[in-house]
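Go by the hints and put chain B onto chain A.
Top to bottom, those sequences are chains A and B.
Each residue of the first sequence is one higher than the last, beginning at 1 in the working numbering.
Each residue of the second sequence is one higher than the last, beginning at 1001 in the working numbering.
Hint data in this document are derived by calculation from the structure and do not stem from the laboratory.
The list that follows gives simulated cross-link-like pairs (lysine-lysine, DSS-like), each with its CA atoms no further than 25 angstroms apart:
no.	chain 1	residue 1	chain 2	residue 2
1	B	Lys1666	A	Lys666
2	A	Lys666	B	Lys1197
3	B	Lys1666	B	Lys1377
4	A	Lys660	B	Lys1666
Now for the letters of each chain:
Number of protein chains: 2
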Amino acid sequence: MLQATASVIIALMMGIIGVGFVLWQTRRVLSYDQGSAAMRKIAAAIQEGASAFLTREYRVIAVFVAIVATVISLFLQWQTALCFVVGAIASAGAGYLGMYVAVRANVRTAAAANRGLHEGLRVAFGSGAIMGMAVVSFSLIGMTVLYLIFNGNPAQLTYITGFGFGASSIALFARVGGGIYTKAADVGADLVGKVEKGIPEDDPRNPAVIADNVGDNVGDVAGMGADLFESYSGSIIAAATLGAALDADSAAAFIGLPFLVASVGIISSLFGIYMVIGEEQDVTLASTYEDMSFTGRIIHFFRKQVAKINEHATLEDLLTALRRSVWGASAVVLGLTLIAVLASGVSINYWLVILVGLIAGNAIAYATEYFTSYTEKPTQAIANSTQTGAATTIIQGLAVGMMSTVFPVLIVAVAILLSIWLGFKADGTIAAGLYAVAVAGVGMLSTLGVTLATDAYGPVADNAGGIAEMSHLPAEVRHRTDALDSLGNTTAATGKGFAIGSAVLTALALLAAYITAAKIDNLNILSPTMLPGILIGAMMPYLFSALTMMAVGKAAHEIVLEVRRQFNVIPGLMEGTGEPDYKTCIAISTDSALREMILPGSLAVVVPLVVGFILGKEALAGLLVGTMSSGFLLAVMMANAGGAWDNAKKWIETGEYGGKGSDAHKAAVVGDTVGDPFKDTSGPSLNILIKLMTIVSLVFATSFGSGWLSF
Amino acid sequence: MLQATASVIIALMMGIIGVGFVLWQTRRVLSYDQGSAAMRKIAAAIQEGASAFLTREYRVIAVFVAIVATVISLFLQWQTALCFVVGAIASAGAGYLGMYVAVRANVRTAAAANRGLHEGLRVAFGSGAIMGMAVVSFSLIGMTVLYLIFNGNPAQLTYITGFGFGASSIALFARVGGGIYTKAADVGADLVGKVEKGIPEDDPRNPAVIADNVGDNVGDVAGMGADLFESYSGSIIAAATLGAALDADSAAAFIGLPFLVASVGIISSLFGIYMVIGEEQDVTLASTYEDMSFTGRIIHFFRKQVAKINEHATLEDLLTALRRSVWGASAVVLGLTLIAVLASGVSINYWLVILVGLIAGNAIAYATEYFTSYTEKPTQAIANSTQTGAATTIIQGLAVGMMSTVFPVLIVAVAILLSIWLGFKADGTIAAGLYAVAVAGVGMLSTLGVTLATDAYGPVADNAGGIAEMSHLPAEVRHRTDALDSLGNTTAATGKGFAIGSAVLTALALLAAYITAAKIDNLNILSPTMLPGILIGAMMPYLFSALTMMAVGKAAHEIVLEVRRQFNVIPGLMEGTGEPDYKTCIAISTDSALREMILPGSLAVVVPLVVGFILGKEALAGLLVGTMSSGFLLAVMMANAGGAWDNAKKWIETGEYGGKGSDAHKAAVVGDTVGDPFKDTSGPSLNILIKLMTIVSLVFATSFGSGWLSF
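With the rest of the complex left out, here is chain A (with noise of 0.2 angstroms):
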């Protein structure tokens, strides 16, 4: 097992040199001008509420954390509990640092977009990167450190998964509870700030306005981060745990190759980063080409691929800038990878499984901006909708959505089906098939660290927005920061597919590793307790989300009776010359959040055991899948629906249709209102819950039997 440790160690060392660049990347954001005293009031709020969430929530999943770890200690492993303990601290602290750097940067952007436009993209692009990069590199480190502490042990691995039931753990709590918040203030302060009082969005009057922004952080930085950290987590221990379990004599290379996909993604996300975020250099030669040394063409090479962002730089231009950074590191991680896999010895297969996970990745991505894209034709068809009223603009926008589901599934289908037909085609097995879909999902999470950055950005840019309005800034300002936001916007909605993408794959590779580790030889799809462990399972998205949902609209409606008190109680609020009470609104939807999220929280990890212990590991494996192929469809459905419905109403706001305040607007509104739940909470907690059932089914796989009834 020598090659599989050495991976593992360049491996860790790799995370080593992410933390080193998180570290420093932290520090030069955070010396970046944090503008005016006004901007500075606005932050600190933001900041307090955000800090003042994440210590209550992670104050309930330690009990959490400590009740499932006494758990597994008592029916399984003192080790895997210290690996789900690991794996929970891994990722709150991700999360957490992702946190306070986003909070912190968004003032810091308002104030460098005074300066100019790729000024603010850099502070905001370096703020996502070190959510990116800590996700990746506190997810190597921590699965690392914890392998070669059990290294010889031939349980090390299923110790390990505990490590991804921690973080999966995390996510789900992130996830649902940060959606909630999220949406509950969002959906608040607009009920009552536009709707009732027809001020615009993020005006200071409005008592719910800084829980909106700190919403945009706990939802959409800390949540996306917990989601792909588990995500990343996952696949790693997937691919592991399968490729320990084929041919004995290659086994070494198969464990190791996830390891050193991983570390060749943490290279050529520095070099992504780095894309967007690198210092315009002086790129005038001071010799001619021809004469520079092989090292100088090298340096050369890589000044010219820094982004170039002038002040007339279109969304388009913007879009192009971040692209071109995926791309690039998707093209470092092929070339790196060809390298991994001939150094390994592994078939060459296992590298074009590692493209067709990358391919699938961004073809995903491209499908999702084709439906949710205003400048396309189904969003334009919900436009279009809007004139006959919000009804149709509802029932349009189900459909779209609807509709849009169909190229994902394809994609990973053909992902899934290409995947195991090369694994097979190298080693002969069906296995090691399974085992080249783990891989493809490293592969398409291996650029995350930049994929991410991409995403945890937006919210950035969005608060900066929100300062630079509250603070009134120069309309110039306020206009740059626009555009960074409706860049963040299309990153959000690809970034959403990706997730859901990414988050099938692993299931399905955690799914193969149950299976494996349940010892169920024959899972007939007819066996008397499949059919209706499926049927079970693809009812958990729906009860998941009806509870989602619900709570949403719960919390919302208390922010809308407390808004409407303070503007009834507070004098001079509507004036300008009262002072609103933000902190009751952020104490609201901390509370709700944290209540609401319980229930469908412990519901995921529930079900799976009772149904694996009352009708047994065969049934658990069809609620599995169950829930895998349900929770997809409704996820990148409920995903897409809502981004197709915001960027509906965006287009209508340009001037179409009549364009704001039209009645044809008003429908619009009602079609965004209806997909924020979707896009922000509901269907984005789906991934947790497809992947955190299987990952609880694996860490318990060897305590099922065969179920209470007898066949």
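Below, chain B without anything else, positioned relative to chain A:
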């Protein structure tokens, strides 16, 4: 196989008795008074529109049937093709007859309501009973005659799967085409009439009003009838096919049992129907009870069972009358099937399985009622959410719809588990267990004659109300037809739950038959093509719903433009002096429904064939499992969300939250309009998608190989 033949002959005889009832009842309903000349004129317009649509629809379907029959003859056997054509004709015949009567019973119901509530119910329910009994009798006669024709041929049951395929094809187009027609007309009429012009529903000035009334019949009578014709036939075919593959010694008994259960169901349904439409008897006794002969006591008992409905009957009273008839029929089924099971010599467990099926059917109906009735919390929560506008109304409604999937899924899961377990305990194999699932499906559907009557009666009552309104009948008549209509709305919701529940059991049994027929020995869920199959399968209901919802949107848009045009062009239309041109709206609805049904309809047939040939028979099994689970969930969600929005609006119209015309009501109307295609087009069409895809696979089962990829 003598015993099987005997059972089939009994079923044939019962089918003939059923046809006798249908003919007698048709004469009886048609003999009722047709009311005033004004009423006849409106009714004639509806009859003409309905007949025009059905004729043209059947012409399109005839082309489809001819193509498919040719394909079957070429690739399979001419016998299967013959059965396919007979199945299509039998289903189309039942649908045509049911609708022929329904569009004549509506005006007679309005006239009868002039004389009293029970009189109205008797005519409307009598019409529904014709549809119900025609479906079960035509289906039984068709299958039994084909069985007898091919008797002795070892492939006789294989041929008869063609009958189910034929029935499915009609069902698909009837449900999809009818569903698009009815909602396009409804939404189109409302958007201009109610919203733009402010004229009430069913106002004769609205040019789309007749199309709307036609739509109720083509969608809810012919569509629902064809849907359940298919479930009914499919469940019997699946049970007989699975029974034939069991222990050779008892195969005859196993094949015969579903036919016996169906036979018993006809008697029981007739009893249930009698309980509603029987003439009230003078139950003052000629002699005291003690003095009566045994026969006299039995006659007395039955006479007492006839519902007594007086003028002051509440909705609850009417519901009780219908429920008693279904429960009465169920009780008779249980008693007679006990005898049938004992006489067949199969294990008593199969009687328990029939009990499981009946209880499951009723439990699903009850759960549906809970989630969609405005006397219960879920619908009231939607009504409450109308206070904060259309967006929260939609969010809450979707959440309720999602939540409402929990019980139906658990009920079906438990029913499947119990059935398999009982079958396994009786005959020691999982195959016996799957046969038991099919028998549970037959049991659930055994009382279809009467359950379908409670369903198909609704549109007749709805039309009667429209005719009463348009021909200005006295308020008390309208009051009575409203009472009958409300009753119809409730039974329609429960009928949809029943239709989807039975579709899942039928599809599962057909899937088991497919797997047997395709000779798939080991259907491992981790076999390479299985998961891609499941994912694509799970996507199909989304694609199908997207297409049907967009079709409604497009067609409704065309209606809106035409209605607006007529209001602009026809002088005096708004004042009531001009004559609207109903026919153009009917023609638009017809054209667009027929045009838009082709793509989703063809997909349902083509996709299983493509997947089966390219990815192989295992992937196809996965596809079916995916479609079944995902389609079940989506169908229940859509049907119940739609029903709940409808009733939330009705509750507000009783005066809650400001009543009609309030802002809350406007939000509720948005919910109701979104719910229209949910509950009457896309949701119900999914039943057929599930069953049709499965039966196509079953018919072509022997043609599929292991696909193009080599593993």
